[in-house]
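*Asks:* The chain contents come next:
There are 2 protein chains.
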Amino acid sequence: MDHGELGGFLLAFAAALVGAKVFGELCERLGQPSVLGELLAGVVLGPSVLGIVPLSFGILLLAEIGVMLLLFEVGLETDLEELARVGGSALAVAALGMILPFLGGYLLTLAAGFSSLTSLFVGAAMTATSIGITSRVLSELNALKSREGQIILGAAVADDILGLVVLAVVSQIAATGTVALGSVAKAAGLSFGFLIVAIVIGMPLARVLVRAVAWAGVRGILVTASVAFALLAALGAEKAGSAAIVGAFAAGAVLARTDRSRDIHHAVRPIVDVFAPIFFVAIGAQVNVGYLNPMVPENRPALLLALGLVVVGTLGKFAAGYAARGKVRRSFIGAGMIPRGEVGLIFAQIGKQNGALPEPVFIAVVIAVFITTFLTPPLLKWLRPPETKGSTS
Amino acid sequence: MDHGELGGFLLAFAAALVGAKVFGELCERLGQPSVLGELLAGVVLGPSVLGIVPLSFGILLLAEIGVMLLLFEVGLETDLEELARVGGSALAVAALGMILPFLGGYLLTLAAGFSSLTSLFVGAAMTATSIGITSRVLSELNALKSREGQIILGAAVADDILGLVVLAVVSQIAATGTVALGSVAKAAGLSFGFLIVAIVIGMPLARVLVRAVAWAGVRGILVTASVAFALLAALGAEKAGSAAIVGAFAAGAVLARTDRSRDIHHAVRPIVDVFAPIFFVAIGAQVNVGYLNPMVPENRPALLLALGLVVVGTLGKFAAGYAARGKVRRSFIGAGMIPRGEVGLIFAQIGKQNGALPEPVFIAVVIAVFITTFLTPPLLKWLRPPETKGSTS
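Protein chains in written order, with the working numbering: chain A, 1 to 393; chain B, 1 to 393.
Hints are supplied without guarantee of correctness; some may be wrong.
Which residues of chain B face chain A? A partial, calculated answer using Cβ under 7 Å [to be verified]:
1) Gly7
2) Leu10
3) Phe13
4) Ala14
5) Gly24
6) Glu28
7) Ser34
8) Ala216
9) Gly220
10) Val227
11) Ala228
12) Ala234
13) Leu235
14) Glu238
Derived Cβ-Cβ restraints for the label pairs, each shown as a range [stated by the list, open to error]:
15) A:Ser56 x B:Glu359: 31 to 41 Å
16) B:Leu307 x A:Asp263: 40 to 50 Å
17) A:Ser56 x B:Gly193: 25 to 35 Å
18) B:Leu60 x A:Gln353: 27 to 37 Å
19) B:Arg211 x A:Gln349: 42 to 52 Å
Chain A residues, not near chain B, derived (Cβ > 10 Å throughout) [unchecked claim]:
20) Pro54
21) Ala112
22) Ser146
23) Ser183
24) Val289
25) Tyr291
Calculated directly from the structure, the hints in this document are not laboratory data. Just so it is clear, the structure is predicted and the values come from calculations on it, not from any experiment. Ideal placement from N, C-alpha and C gives every residue a C-beta, glycine not left out.
From just these sequences and the hints, can you work out the full model?
*Replies:* And the structure:
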């Protein structure tokens, strides 16, 4: 890379870190999760306001590394047995949490006078839950290990996998007008199968890794080997048609069962501290504040549709929380599924590129994605189960 | 970034980490510094052998982050007062270590029948010392804080600054056939001035940073703020016409004087563990093993010239070690200045681009850069002062 490039990258990287921490601290002082501040820092530093943090390849690469390591860390804090115990609830929440927002988004867009293809894409974009936002808030609230936290996490993982299947389906419909159900079933089977195989194969592999590390003496071997393990699991997930972050999560979850999990977590933590904020800042940086001004007449149809989408998207996920069984706070679970984040943006982007989403609908989806994302941290904080309230966050 | 790109990047990142640690461990078991293994891993994984680690933008970006954080960590282990005490020796070593290899490279290339412009570029390429390689070996040998280590470090920092000035001079000569001495003096003053100003301004800034961090409560604030501080210092160095790594080093050196230096070092360490190997692997990946085969007749003139350059380049830096004063092991100091690494490659690249270096001479310079780089770790290990031998590395 030449010197001009390096300079711009250094400035963006440093500004994102400083902005994330300053806004994060402000949010904490106002009683809000710091991730909300990181998202807001992204809006302010991003292209539509100050333009200090561009959505350049370098920043997006760090964001990608950041969210993978974040999910790896979340995996390290996950108890697979507990996750399996709440698996039924998690799947029910995930399924209902995709069906209800899909129907809501579809019918609303149809009612607003758009084509059924457009409505299909909007419905699909409403199905995705951002596991990054949710797990970060859960971690800040110290609720990751609560039963509610594990149900949300399980449902968000299932949602991430199902979301990619839905994306494949609607993309196929947009391209060919029809859908081959066999290929859809295969894609769904492959990506769920990957997760199960990854965990089954990953357990002995994780033990081998920990033993090999104990035998080696070179500096930094434990953290390097663990990060490489996470990267390879992410690559495997990617190749199996699942999401890279699901692989990183699985890698963390199997390493959590080894006797070095505390040391790994301790070493990974500062790396997550430095790179994960870049992910949240990069999401915020994608907000175009120009679209949010209701005084501009052209913005109004998009804003109106966006408000409708927020209502159906929020209520749909919220209601899905009530599919959870057992003695749990269902409102908290539903709220945890609300943020759309990066997955919703990917849907919107693809729908715009293949012509399924006309400009005002695209803008409406993007706005709805952001509102649900920004809404979740305070909502979760407000609804959190009483037993997590006294703990340090 | 799309999915194919992400997959290739994940594979390259993971392979570089695994390769670095496997080869590093092998080297340590053979009694060699592990950084030699990381360089060799790069050769094997790089484009000219297996092709698993390409010199893609993503990998080069991680390498850049890695070397900056490595120098930041070296700065954190540096005692500025000790560095100032040995400053005279360091400057003498740096100056002589540029003059001797320059004359050797210049006269040798001239004697081999090449033009004086070509000879000028070759001489200039021989002046650079790679602070990354040297400081990593010193750190592994636990010799960073020895008097010899501090002289080498000081000389390597001075060399990095002077090297950029030399690069500006020869580039100007190649472009215009002449050189404006005023602009050269200005560039040299600016980049040395930056270092002094950075340290003078940096000291109170570092104290302000530590106090602000103590006041804030948000997670990861200490490591994030420290890394941002290093990035901003690197950016400042870059803008002042100095090298980014010099800025990162200065940031570490001033933070070393605060009362949180141990905590910062503790948190930065695993990040360096994960990213610095990418830098050394990326250097190794730039070796084209095809050029090294003496059985190919076309390779022979380049190999012959390369051998000559290795001799004058090694002897020149080695002799410069004897410019150090006081009770120190001068051979160790000279050996520490030998590796050319990435800076030598930048010279060769620019010389090739502007036509000053014909193909065989370019190849010869690149080979000489690599041989000096690979030679240094075992040489330093062999020559290290007796008082560091008993210590853990």
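*Asks:* Give a verdict on every hint.
*Replies:* Hints, verified against the model:
Given the 7 Å rule on beta carbons, the hint for Gly7 of chain B holds: about 5 Å separates it from the nearest Cβ of chain A. Interface hint status for Leu10 of chain B: upheld, as the beta-carbon distance to the closest one in chain A is roughly 4 Å, under 7 Å. Among the interface hints, the one on Phe13 of chain B holds; its C-beta lies about 5 Å from the nearest C-beta in chain A, closer than the 7 Å criterion. Because the beta carbon of Ala14 of chain B sits about 4 Å from the nearest beta carbon in chain A, less than 7 Å, this interface hint is met.
Against a cut-off of 7 Å between C-beta atoms, the interface hint on Gly24 of chain B holds, since the closest Cβ of chain A lies about 5 Å away. For the restraint placing Glu28 of chain B at the interface with chain A, the shortest Cβ-Cβ distance is roughly 5 Å, inside the 7 Å limit, so the hint holds. Taking 7 Å as the C-beta contact cut-off toward chain A, the hint placing Ser34 of chain B at the interface holds, the least distance being around 5 Å. Here the hint on Ala216 of chain B is kept, as its CB sits about 5 Å from the closest CB of chain A, short of 7 Å.
Interface restraint check for Gly220 of chain B: the shortest CB-CB distance to chain A comes to about 3 Å, inside 7 Å, so the restraint holds. Checking Val227 of chain B against chain A: minimum C-beta separation of about 5 Å stays under 7 Å; hint holds. Interface hint status for Ala228 of chain B: upheld, as the beta-carbon distance to the closest one in chain A is roughly 4 Å, under 7 Å. At its closest, the beta carbon of Ala234 of chain B sits 6 Å from a beta carbon of chain A; the interface hint therefore holds under the 7 Å criterion.
Hint on Leu235 of chain B holds. Least Cβ distance to chain A is approximately 4 Å, under the 7 Å limit. Interface restraint check for Glu238 of chain B: the shortest CB-CB distance to chain A comes to about 5 Å, inside 7 Å, so the restraint holds. In this structure, Ser56 of chain A and Glu359 of chain B meet the distance hint of 31 to 41 Å, their C-beta atoms being roughly 34 Å apart. Between Leu307 of chain B and Asp263 of chain A the C-beta distance comes to about 47 Å, which sits within the given range of 40 to 50 Å.
For the pair Ser56 of chain A and Gly193 of chain B, the beta carbons lie near 31 Å from each other, so the given range of 25 to 35 Å is met. Taking the beta carbon of each, Leu60 of chain B and Gln353 of chain A are about 29 Å apart, inside 27 to 37 Å as hinted. With their beta carbons about 43 Å apart, Arg211 of chain B and Gln349 of chain A fall inside the hinted range of 42 to 52 Å. Against chain B, the non-interface label of Pro54 of chain A holds: every CB pair exceeds 10 Å, the least being about 14 Å.
The non-interface label for Ala112 of chain A is consistent with chain B: the shortest C-beta to C-beta separation is roughly 31 Å, beyond 10 Å. Listed as a non-interface residue, Ser146 of chain A keeps its Cβ farther than 10 Å from every Cβ of chain B; the least gap is roughly 19 Å. Non-interface call for Ser183 of chain A relative to chain B: holds, since the shortest CB-CB distance, roughly 17 Å, exceeds 10 Å. Chain B leaves Val289 of chain A outside its interface by the beta-carbon criterion, the shortest separation being 25 Å against a cut-off of 10 Å.
Distance check on Tyr291 of chain A: its Cβ is at least 25 Å (rounded) from any Cβ of chain B, clearing the 10 Å threshold; non-interface status holds.
Consistency with the previously given hints is maintained throughout, with no hint failing.
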